[in-house]
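Q: Line order of the protein sequences matches chains A and B.
Our numbering numbers the first residue of the first sequence as 1 and each following residue consecutively.
Our numbering numbers the first residue of the second sequence as 1 and each following residue consecutively.
Simulated from the structure, these hints should not be mistaken for laboratory data.
Where a beta carbon is used, it is the ideal one built from N, C-alpha and C, also for glycine.
Don't take each hint at face value.
Stated by the list, open to error - Per the computed footprint, the stretches of chain B lying under chain A, defined by three or more beta-carbons under 8 Å from a beta-carbon of chain A, are: (1) 297–305; (2) 557–568; (3) 643–649.
As the list claims (entries may be wrong) - Negatives, chain A to chain B, calculated, CB over 12 Å: (4) T23; (5) G25; (6) L150; (7) A262.
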Amino acid sequence: MQKQCAILTFILALAGIACSDGTTGKRIILRTQVEPAREVHTRFTTLSGWNVELAEAAMATGPFYYFDGSPAFVMQQARTPWQRLKRVLLPPAHAHPGHYGEGVAKGQMLKEYSLNLIAGPIAFPAGNGVTGLYRSATFSFSSPVDGAALTNLKGNTVTATGVATKGESTVHFRIAVDFATIGEHARDGLVPGCSFEEATVDRAGVVKLTIKPHVWFNLVDFADIAPGSAEAPTEITKGSTAHIAFLLGLVQLSAYHFSFTADHEP
Amino acid sequence: MPLFIWVLFFAQSTPSPYDVTVVAPAPPRSASQSVRDREALRTAPHKTADDLLMVVPGMFVTHHGGEGKASQMFFRGFDAIHGQDIEVVAGGIPVNDVSNIHGQGYADLNFIPAEVVQQVRAQAGAYDPRQGDFAVAGSLHLRLGYAEPGVTAKAALGSFGTQRQFIAYHPPDTQDETFAAFEHYHTDGFGPARAAERASALSQAVWALPDGLKLRVLISSYAARFSSAGVLALSDVRSGAVDRFATYDPSQGGASSRSQALVELGEDRPGQRSGLSAYVVTHGMRLRQNFTGFLTDPNGDAQQQINDAVTAGSHAYFRKRVHLLAPQDTIELGLVARSDWITQSQKRLSSIDGRVTGDDVQAVVRANTLAAYLDAALHPSPRLTLRGGVRLNALGFTATDRGARAAGQSRSAQGLSAGPKATIDFRAWTDGHILLSYGEGFRSPQARSLADGEATPFARVRSGELGVRANGAWGNASVAGFVTRLSEDLVFDPRTTRNETVPASQRQGMALDLTWQHLDWLLATASGTFTRASFTRSDAQFSKGDLLPYVPQWVARADVLFRRDITVRAHALRAEFGTGLSLLMGRPLPYREWGHSIFLVDSALRVRYRAIGAGMSVWNVLNRDWYDGEFAFAARWQQNGAASVVPERFVTVGNPRAMLFEVSLFL
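Next up, chain A with everything else stripped away, as it sits in the complex (with noise of 0.2 Å):
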């Protein structure tokens, strides 16, 4: 019986130690939904003052990474009191784009795609991760090759239509851009840096991207460029000044803006 019984003790104790769960972290999968900022569907006035309204706003995107180094320009929301008050008390330091360090890589989003902004938010194919913290990340640009608004493009990376007024001047005005100007801009039409609302990220979720189209027109000034009609607008040639300022705003990190929504526990 003795023997028995150091034979049992033996096993569950081996059973006991053998209860393992696993290492730090599990993969996940981040769904993605790509949505405009709500102005898109209103009107938004640029720094210059015109007051801009667009009929179609259709752009190619190409991968998104998620990283957990702090984004180019600090953007966190405070989210608690305890935040809100930390954030007054030590407030952030805000780098420069350049020196940002995007840390490890903790989830990505490969396939590249196109969408209509004016029609709403978009559910993109889904990306993968790890769980962590999530704190910025890279938006990215692509050539047309795949999405819902592969026909709008026409070849182009970011197509936008719309009516400019400003006091008695209205312009309508449609633009256009390719991927190898943009490549000018942002290398490999990357943009680094970008805000990543920051989640402690444990289980899958979505992860949305808010696109600004505002901040694509913040410097372009619509002064010199002919008024065109509703039927015809002026198509703004590339090279031109309000070209530069809109391929300017284009790759500017405060134009996308990224969220996580952990799904709920099951």
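Once you have looked at the hints, place chain B on chain A.
A: Same frame as chain A, now just chain B:
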């Protein structure tokens, strides 16, 4: 005349046919301490001394860097990488490199032909005061010798263009410790970038001198060049995007060299024994590797690591029988000294044209290790023995780094570590012992990581074990439970291609070992070890309670040798069939994933008639697809397109079935 031959010549010229040496195994410091002798070591085929370690209970050895780089060793819940957690001593000379650029404790055993290892003694834990730096998981001692009298000449041909020549001489009527051996090995490898070539010469002689004195001289030299296929993305292997034996970067590989000499003078008198040994080692290592493709540099992330070291050291001990509690009580005092002069560099290379694109490390390191130990064996009662003592280790480092931002900065650090050791050995029945062991050990830090003026921060290990061992004419067996705690650990980080410090950890487990040698025609050894390795503290990357990545939980090994002697024309024809079965299961990987299990069968068939022998060795008899290395990290192997930067699974692919046919002459 080469030095190797001189050593042997003098050994032979002073025969001492009337000397009788009785070698008894040292009393065990823990229940799971194991010894594998030549018969067990030769059961299954082994290519190198590295390979032989597979027979050590709880040990699993893989060769992810190619045939020439130090193996990756897993031992009782430790991923010792290339030796960071295992103290390796061969022929009385430490093998671990201090502050090697590729990894702390780098221990390359490829310089020893498998035939000249007479015994492997494995001491798990840190229970013996003789155990020094790197004895975290334990220590391995390889005793060198060659027993076949006269000249042995072997030639072998096998799969994948493998050729091997082995020549040895053991003077008749001398101890097996006196021998000279030469080995040359070449293989084209089982896939691209897997070729290797090495040559090794070892000579050891033992003289029995008057007045109980014994002199041993060991000299060896070795050079190797090898290619390395590196890692493949598991997803690429599974999808068939790459052949499983392909390589992303065929320029990986390296070279290694080692020359060493040891002189040991021992004195054995009634009631006391003493010894003094001195050695010098030169060791060179060059590696080129690329784990991450083009992730951090558009020119490629290839790295070149060079480590050249000269090591000189000595060991002196004096053991005396003293009547404290019983007449057989002993006390031993030992002194250990070791100095390392190391130059090392790490440069980034373009994967496209091989030019140097960055200079990360260009360092000169001076390391001094000084230790003293006191060891006692007391016998309070006929059934009870207390063994133990204390070891003091003083480490001093100076490092000057001229690479990258260091720009010539020099730093020095020094520290002292004390490690108590104790074993209670209770003889429960005639041949059965219950052993309770406790010990504290240490691992020295990477010299370049030290800040100026700081006390050398040792990684401290505390280990305990309780077990039972029994032996008899039938063989021996042991079962033990153990716990090991580390103040800080090291885990491989592919971003830096080095082992980086991670939080404190612990191991809990059980080990079984059995040797069956009751029958003349059969020898069987079997062992199994379960270990749970987990973090006991958290940091930004790892959480308390979670498993350590890469550390296998189950390791098992069985070796069976069948022997048969048949008389043919009045002479014996000896036939042997040996097989070794290796199992590794439950290898946790980062992100709660688990690696593939490994089950391998290696077999050898040997026959010998008078002066002629023939043999066939087969590795991976079942031709199983297996991965000898599994990792998870971010890499970018496509220069164009959407690159995946999230950590993914990478593997190094294990060998397919390989055969080697051998003919031997014994003259």
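Q: Each hint: holds or not?
A: These are the hints, each one checked on the structure:
1. Counting residues of the stretch 297–305 of chain B whose CB falls under 8 Å from any CB of chain A gives 0; the rule of at least 3 is not met.
2. For the stretch 557–568 of chain B, the assignment as covered by chain A is violated, since 0 residues bring a beta-carbon within under 8 Å of that chain's beta-carbons and 3 are needed.
3. Residues of the stretch 643–649 of chain B lying with their CB closer than 8 Å to a CB of chain A number 5, which satisfies the three-residue condition for coverage.
4. With a cut of 12 Å on Cβ distances, T23/A falls inside the contact zone with chain B, its closest approach being about 5 Å.
5. Not every Cβ of chain B is farther than 12 Å from the Cβ of G25/A; the closest lies at roughly 5 Å, contradicting the non-interface assignment.
6. The claim that L150/A is not at the interface with chain B holds, since no C-beta of that chain comes within 12 Å of its own (minimum 18 Å).
7. Against the 12 Å criterion, A262/A stays outside the reach of chain B, whose nearest CB is about 17 Å from its own CB.
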